[in-house]
Amino acid sequence: MNPIPALPKRALLSAIPIAVILFFLPLLIAPYQVTLLAYGLIFAIAALGFNLLLGYTGLLSFGHSAYFGMGAYAVAFIVKYFNITSMEVFLLGGILASGAIAALFGFLCVRYTRIYFGILTLALSQVLWSLAFKFYWVTGGTDGLRVPTPSLLGVANPEREEKMIFLAHRYYYYVLVIFLVAASAMWVIVHSPFGKALQAIRDNETRAEFVGVQVWRYRWIAFLVSGIYAGLAGTLWVPLNGLTTPDILHWTFSGKIVFFTVLGGFQTFMGPIIGGVVYNYLETYAVGHTVYWQMVLGVVLVLLVLVLPAGIAGTAGRLLLRLRRAT
Amino acid sequence: MVLLETKSLTKYFGDTHAVDRVHFSVAHGELLALIGSNGAGKTSLVNLISGLLRPDSGTILFQGADVTTMPVHDRIRAGIARSFQLVTVFDQLDTLDNVALAIFCREGKTRRLLSLASSDHAVRNEAFEILREFGLEAKASQPAGGLSQGERKLLDIALAYALRPKLLFLDEPTSGVSTREKAPIMNIVTSIVRSGKISAVIVEHDMDVVFRYSDRIVVMHEGAILADGTPDEIRRNEQVTTTLLGTSPSQ
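Order-wise, the sequence lines are chains A and B. For what it's worth, my numbering labels the leading residue of the first sequence as 628, then goes sequentially. For what it's worth, my numbering labels the leading residue of the second sequence as 485, then goes sequentially.
No lab work stands behind these hints: they were computed from the structure. Errors might be hidden in some of the hints.
[Stated by the list, open to error] Cut-off 20 Å, straight-line C-alpha distance, at most; resulting in silico cross-link-like pairs (DMTMM-like, lysine to aspartate or glutamate):
{"no.": "1", "chain 1": "B", "residue 1": "LYS650", "chain 2": "A", "residue 2": "GLU836"}
{"no.": "2", "chain 1": "B", "residue 1": "LYS623", "chain 2": "A", "residue 2": "ASP830"}
{"no.": "3", "chain 1": "B", "residue 1": "LYS593", "chain 2": "A", "residue 2": "GLU788"}
Chain A on its own, in the form it takes in the complex:
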């Protein structure tokens, strides 16, 4: 037996067609649709980070809005206090701010598991939400803070270029490249010895400790990486949205990140990516068609749990496997 599986080759073969489609899609669809896709890719980055905790470490966080929001507010503060509009500075600031908060909150949370972990993450994220809500002279309160169109790689957005065109073209490709890098890095992380250690913690914490995994430390690193991914997503989201408000720090947004991941399927690597993109379309079209859009999403969630507990990717994978066995 050859003990070396052809993992990277297989993954590349399935990733390349997806990357090609994502690259050429803006040439075929309307700019508005492209911005929706950009939102979807950004949510996919957040969900990938979230799933490092849920799918690979066995920890359900209800507080990832904190890191997504920190990324977004870090950008808004850079604009407000330093008048800088460089996207690269935004990324640096967003990653540092969300990483710092994730490091602190993670240090407090990873000692707990199950419901205690979930509640603690939720409570800590609500502290940030209340700060953003109450300190309006700093955060703009419910009015939020505006973020202008950023310069990308040192090239400022020409004033004559319409914002929608900028977002649907140059900004989309900027997001796409970061998404591809982030997804590739996450793929390597979950297939690394570190990723295997996290999966061991998920499967059996005590046994993991007794093969030498330092459980708290590894959970904390996973939490940190997960928070940075959510922060990166928040940083990319805010120029697209043009505004950040305390809503993005509220626990209900953490619930959305959980929804992305469950919708796509948390037991597969692709699940959170699919979930982030599909959820965004689902919510946008539900909001556009009915005032009862929350009910639509609620029904989808109930159906998902009852009928497709493995999510879209998990169910599709199982169907493919059955088809292969049948033929």
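Given the coordinates of chain A, assemble chain B onto it according to the supplied hints.
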């Protein structure tokens, strides 16, 4: 030559004296059986030595060094490994990945975030060799959750063995497996103890297994050591047979 020694090791759970001032030792290269009725303190003693529990008092010396308050991962690095009474393997990982993870931990490679586990040929080859030694090579690419109970027991021991311990604690290695599967498990345990020059302590209820495979037997009763000797000495010990088996040596 003494490898491990406990001095007055004590652990209370409320009013229960789980381990009561126990002086216990393991020599280099021996296969020792720890026996006693349920609640005698065998697993508690193993839990104290392996680091799962902290003692109320007493000391644990391993190769002459005090490891009483040492964290689990440092004890593993020092050379103490264990398996569990209820089989504990990583169900969603492949059988090969289970063993590879133990090797990655031993080599301090689990801190690597940005390198693929599958590209470390040396670790995977070693993991595969260990699976071969344990007769599990055909199951290498299967999730551990799909193995039979006997295979899971073997994998549990293989995980501990992959850490290259000097002292291996096996908590009921043959419990819950068929009679047919007991001998292969114990043959492998004996083989790795003899060939690897490591010491092993088995906690066991099956007296056939205990008397057939062990070099020395320590009998525990109500948290204390009741007797310590060779299988023949223990077989002839009247106190042991009446306390443990409710029969006299002649029976």
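For the pair we were handed, LYS593(B) and GLU788(A), check the Cα-Cα distance against 20 Å. violated, 50 Å
Tell me if the straight-line CA distance from LYS650(B) to GLU836(A) falls inside 20 Å. Status holds; Cα separation ~18 Å.
Given the hinted pair LYS623(B) and ASP830(A), is their Cα-Cα distance within 20 Å? Measuring from Cα to Cα gives roughly 19 Å; hence the hint holds.
In the structure shown, a violation is registered for the earlier hint numbered 3 alone.
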